[in-house]
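A.B. asks: Residues per chain, in single letters:
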Amino acid sequence: MSTTLLSTPADEQVEAGYAARISHVSKSFGKAGRQQLVLDDISVDVAPGEFVTLLGASGCGKSTLLNLVAGLDKPTSGTIDVPGGRAALMFQEHALFPWLTAGRNIELALKMRGLPKSERRQEAERLLELVRLGGAHGKRVHELSGGMRQRVALARALAQDSRLLLMDEPFAALDAITRDVLHEELTRVWSETKVSVLFVTHNVREAVRLAQRVVLLSSRPGRVAREWRVDIPQPRRIEDAAVANLSIEITEQLRGEIRRHGQH
Amino acid sequence: MASTETTKPSGAGREEPPSEDSTEQRSGNDLAGLEAGLDALESPTTATRTPFGRVLLGKAVPPLVAVALVIVLWQLAYSLNLKEDYQLPSPLQVGDAIRDLWLKGTLLDFVWTSVSRGLLGFVVAIAIGTPLGLLVAKVRFVRAAIGPILTGLQSLPSVAWVPAAIIWFGLTDSMIYAVVLLGAVPSIANGLVSGVDQVPPLYLRAGRVIGATGFAGVRHVLLPAALPGYLAGLKQGWAFSWRSLMAAEIIAHSPDLGAGLGQLLENGRTYQDMSMVLSAILLILVVGIAIDLLVFAPLERRVLRSRGLLVNR
Ligand SMILES: Nc1ncnc2c1ncn2[C@@H]1O[C@H](COP(=O)(O)OP(=O)(O)OP(=O)(O)O)[C@@H](O)[C@H]1O
Ligand SMILES: [Mg+2]
Numbered sequence: 001m002s003t004t005l006l007s008t009p010a011d012e013q014v015e016a017g018y019a020a021r022i023s024h025v026s027k028s029f030g031k032a033g034r035q036q037l038v039l040d041d042i043s044v045d046v047a048p049g050e051f052v053t054l055l056g057a058s059g060c061g062k063s064t065l066l067n068l069v070a071g072l073d074k075p076t077s078g079t080i081d082v083p084g085g086r087a088a089l090m091f092q093e094h095a096l097f098p099w100l101t102a103g104r105n106i107e108l109a110l111k112m113r114g115l116p117k118s119e120r121r122q123e124a125e126r127l128l129e130l131v132r133l134g135g136a137h138g139k140r141v142h143e144l145s146g147g148m149r150q151r152v153a154l155a156r157a158l159a160q161d162s163r164l165l166l167m168d169e170p171f172a173a174l175d176a177i178t179r180d181v182l183h184e185e186l187t188r189v190w191s192e193t194k195v196s197v198l199f200v201t202h203n204v205r206e207a208v209r210l211a212q213r214v215v216l217l218s219s220r221p222g223r224v225a226r227e228w229r230v231d232i233p234q235p236r237r238i239e240d241a242a243v244a245n246l247s248i249e250i251t252e253q254l255r256g257e258i259r260r261h262g263q264h
Numbered sequence: 001m002a003s004t005e006t007t008k009p010s011g012a013g014r015e016e017p018p019s020e021d022s023t024e025q026r027s028g029n030d031l032a033g034l035e036a037g038l039d040a041l042e043s044p045t046t047a048t049r050t051p052f053g054r055v056l057l058g059k060a061v062p063p064l065v066a067v068a069l070v071i072v073l074w075q076l077a078y079s080l081n082l083k084e085d086y087q088l089p090s091p092l093q094v095g096d097a098i099r100d101l102w103l104k105g106t107l108l109d110f111v112w113t114s115v116s117r118g119l120l121g122f123v124v125a126i127a128i129g130t131p132l133g134l135l136v137a138k139v140r141f142v143r144a145a146i147g148p149i150l151t152g153l154q155s156l157p158s159v160a161w162v163p164a165a166i167i168w169f170g171l172t173d174s175m176i177y178a179v180v181l182l183g184a185v186p187s188i189a190n191g192l193v194s195g196v197d198q199v200p201p202l203y204l205r206a207g208r209v210i211g212a213t214g215f216a217g218v219r220h221v222l223l224p225a226a227l228p229g230y231l232a233g234l235k236q237g238w239a240f241s242w243r244s245l246m247a248a249e250i251i252a253h254s255p256d257l258g259a260g261l262g263q264l265l266e267n268g269r270t271y272q273d274m275s276m277v278l279s280a281i282l283l284i285l286v287v288g289i290a291i292d293l294l295v296f297a298p299l300e301r302r303v304l305r306s307r308g309l310l311v312n313r
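For the protein sequence lines, the chains are A and B, in the order given. Going by full-length UniProt numbering, the first sequence runs without a break in its numbering and finishes at 264. Going by full-length UniProt numbering, the second sequence runs without a break in its numbering and finishes at 313.
Accuracy of the hints is not assured; some may be wrong.
[Unchecked claim] DSSO-like, lysine-lysine: derived pairs with alpha carbons at most 30 Å apart:
{"no.": "1", "chain 1": "A", "residue 1": "Lys74", "chain 2": "A", "residue 2": "Lys31"}
{"no.": "2", "chain 1": "B", "residue 1": "Lys235", "chain 2": "B", "residue 2": "Lys104"}
{"no.": "3", "chain 1": "A", "residue 1": "Lys74", "chain 2": "A", "residue 2": "Lys111"}
{"no.": "4", "chain 1": "A", "residue 1": "Lys139", "chain 2": "A", "residue 2": "Lys194"}
{"no.": "5", "chain 1": "A", "residue 1": "Lys139", "chain 2": "B", "residue 2": "Lys83"}
{"no.": "6", "chain 1": "A", "residue 1": "Lys31", "chain 2": "B", "residue 2": "Lys235"}
{"no.": "7", "chain 1": "A", "residue 1": "Lys139", "chain 2": "A", "residue 2": "Lys117"}
{"no.": "8", "chain 1": "A", "residue 1": "Lys117", "chain 2": "A", "residue 2": "Lys74"}
{"no.": "9", "chain 1": "B", "residue 1": "Lys138", "chain 2": "A", "residue 2": "Lys74"}
{"no.": "10", "chain 1": "B", "residue 1": "Lys138", "chain 2": "A", "residue 2": "Lys111"}
{"no.": "11", "chain 1": "A", "residue 1": "Lys139", "chain 2": "A", "residue 2": "Lys31"}
{"no.": "12", "chain 1": "B", "residue 1": "Lys59", "chain 2": "A", "residue 2": "Lys139"}
{"no.": "13", "chain 1": "A", "residue 1": "Lys111", "chain 2": "A", "residue 2": "Lys194"}
[To be verified] Residues from chain B that face chain A, not an exhaustive set, calculated with beta carbons under 10 Å:
{"no.": "14", "residue": "Arg205"}
{"no.": "15", "residue": "Val209"}
{"no.": "16", "residue": "Arg301"}
{"no.": "17", "residue": "Val303"}
{"no.": "18", "residue": "Leu309"}
[Stated by the list, open to error] Computed spacing ranges between beta-carbons, pair by pair:
{"no.": "19", "chain 1": "A", "residue 1": "Glu143", "chain 2": "B", "residue 2": "Phe52", "range": "22 to 30 Å"}
{"no.": "20", "chain 1": "A", "residue 1": "Ala176", "chain 2": "B", "residue 2": "Leu202", "range": "19 to 27 Å"}
{"no.": "21", "chain 1": "A", "residue 1": "Arg255", "chain 2": "B", "residue 2": "Asp197", "range": "21 to 29 Å"}
Read the hints as simulated data drawn from the structure, not as lab findings. Just so you know, these numbers come straight off a predicted model, no measurement behind them. C-beta atoms are modelled at their ideal positions from N, C-alpha and C, and glycine is treated no differently.
Chain A with its partners taken away, still in its complex shape (with noise of 0.2 Å):
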């Protein structure tokens, strides 16, 4: 890969030898006394440039491990380190600002990144390009397609040009077809820019499609059940049969863990 889109590979990764370290995480909620344990202990590293996909049952404390990683939260113990700073997250829903066109969305985002305003225009162009919307620019959030909106997200999120990526479940209220090719797409995006990705979801295959690594977490508390690197050669399909062999493996196991939960 000859081209780096997106500038440097920050240089504070490669010493650390990650994108993120979250180690010993616990996180409760509620007041003192009647605490409801979130996250247990929760170690996982993200190497830089890695592709990795956490995996749980709804409730199982996704979000919030991803907003802790994203500095929306502090955890209640445990430390998370992600060196060169602030990480990207791309929400559920897309969260683009409805007053803003499609373009000034990712040049606010820009414009926080300290971008001089000369180059904010162009560089939003670019990163919709890289999206392939090149000519949403001017286009209003409500005159997308739930699809477009999503990879209007997904440039944002990259307009930080944070190393990190989180994203929370983003294509989960997408249409079969469309999140299919949003899965190419990302994949695609992701061999582009050499970006680390961390990606929630509770759906195994999603999870086994993108992922160089999947880590499980059980339910209540949150813990890493197990992980399974993926080997399997980009580009993949969802449909592929390797996909779909590793997938019932982790269904089996995912299954147990939620198993666990009713026999008390």
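Got chain A sorted already, so can you dock chain B with the ligands onto it with the hints?
C.D. replies: Just chain B with the ligands, lined up with the frame of chain A:
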């Protein structure tokens, strides 16, 4: 940690190691085409504009019919002598009174005196109400301290302030502006507070993620997100400015004060000239409607439409 043995899929072209080039070639063309197709299918079709004539017909005719109906009923009441003539003049007599004012050249003076006072007071009320509303919305202590008072003030008729303002400022312009401000500031501040309260938390979190915190967060995320509620507050603030102004003008009479529509109304009462009274009421009403129609309605439509919150009606 377990690792999977990779079963090779059977399709041709999958056997080779994943070089960037093959990704490009394989996904490049079909994916772009597929995506373009999806985008085209899923994008909402742009609505065609209704022709101007139809809009005019649909928007202008009903109120005109209503006005005509009121005039007819009025004329009827006059013809049937329901009240003495000096108590209920005919529509024509009121029209003549307005034309006389116009011919004397004083009509625009009356209107302009009031409108300029109203607008100046309103602008100052915005300058005070906006930071005040922001403080109440964002600082918990301030909200607890003056939030309820601000809401209460909104329901206090501003005419109640007139005696106090006269004692404080005498019969001066300051007195009039004081009443206007006391009427308009609470509704502007309250509008902003409810606008801020209704901002979806998701936008605030998205703002924080892209680094819009502190002042930048207020400027680029909070205020634009709260704009619809703020606009509603401004609109109501204008209505309160205008009402308070009329209350002040009717009560405060002095040769030192320029004469506005409120004074015209009060003059009419002093001279027992019902045509003048009705003319003044009509003019006050027309100005109120005109400002709403010319300033706030288009503004509101633009904001809502640009956010996709307005269904084309
Ligand atoms: N701010 C909060 N206060 C109290 N409890 C919370 C808070 N945020 C999350 N929780 C609780 O933590 C648990 C995990 O929530 P979280 O949203 O992280 O789950 P999730 O894995 O993302 O679920 P989903 O798949 O439905 O998105 C839930 O039981 C939820 O009730
Ligand atoms: Mg979640």
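A.B. asks: None of the hints should be skipped; say for each whether it holds.
C.D. replies: Results of checking the hints against the structure:
no.	hint	in the structure
1	A:Lys74 / A:Lys31	holds, 15 Å
2	B:Lys235 / B:Lys104	violated, 33 Å
3	A:Lys74 / A:Lys111	holds, 26 Å
4	A:Lys139 / A:Lys194	holds, 28 Å
5	A:Lys139 / B:Lys83	violated, 61 Å
6	A:Lys31 / B:Lys235	violated, 42 Å
7	A:Lys139 / A:Lys117	holds, 20 Å
8	A:Lys117 / A:Lys74	violated, 33 Å
9	B:Lys138 / A:Lys74	holds, 22 Å
10	B:Lys138 / A:Lys111	holds, 24 Å
11	A:Lys139 / A:Lys31	violated, 45 Å
12	B:Lys59 / A:Lys139	holds, 29 Å
13	A:Lys111 / A:Lys194	holds, 23 Å
14	Arg205	holds, 6 Å
15	Val209	holds, 5 Å
16	Arg301	violated, 15 Å
17	Val303	holds, 8 Å
18	Leu309	holds, 8 Å
19	A:Glu143 / B:Phe52: 22 to 30 Å	holds, 23 Å
20	A:Ala176 / B:Leu202: 19 to 27 Å	holds, 25 Å
21	A:Arg255 / B:Asp197: 21 to 29 Å	violated, 43 Å
Violated hints, in rising order: 2, 5, 6, 8, 11, 16, 21; the structure is consistent with all others.
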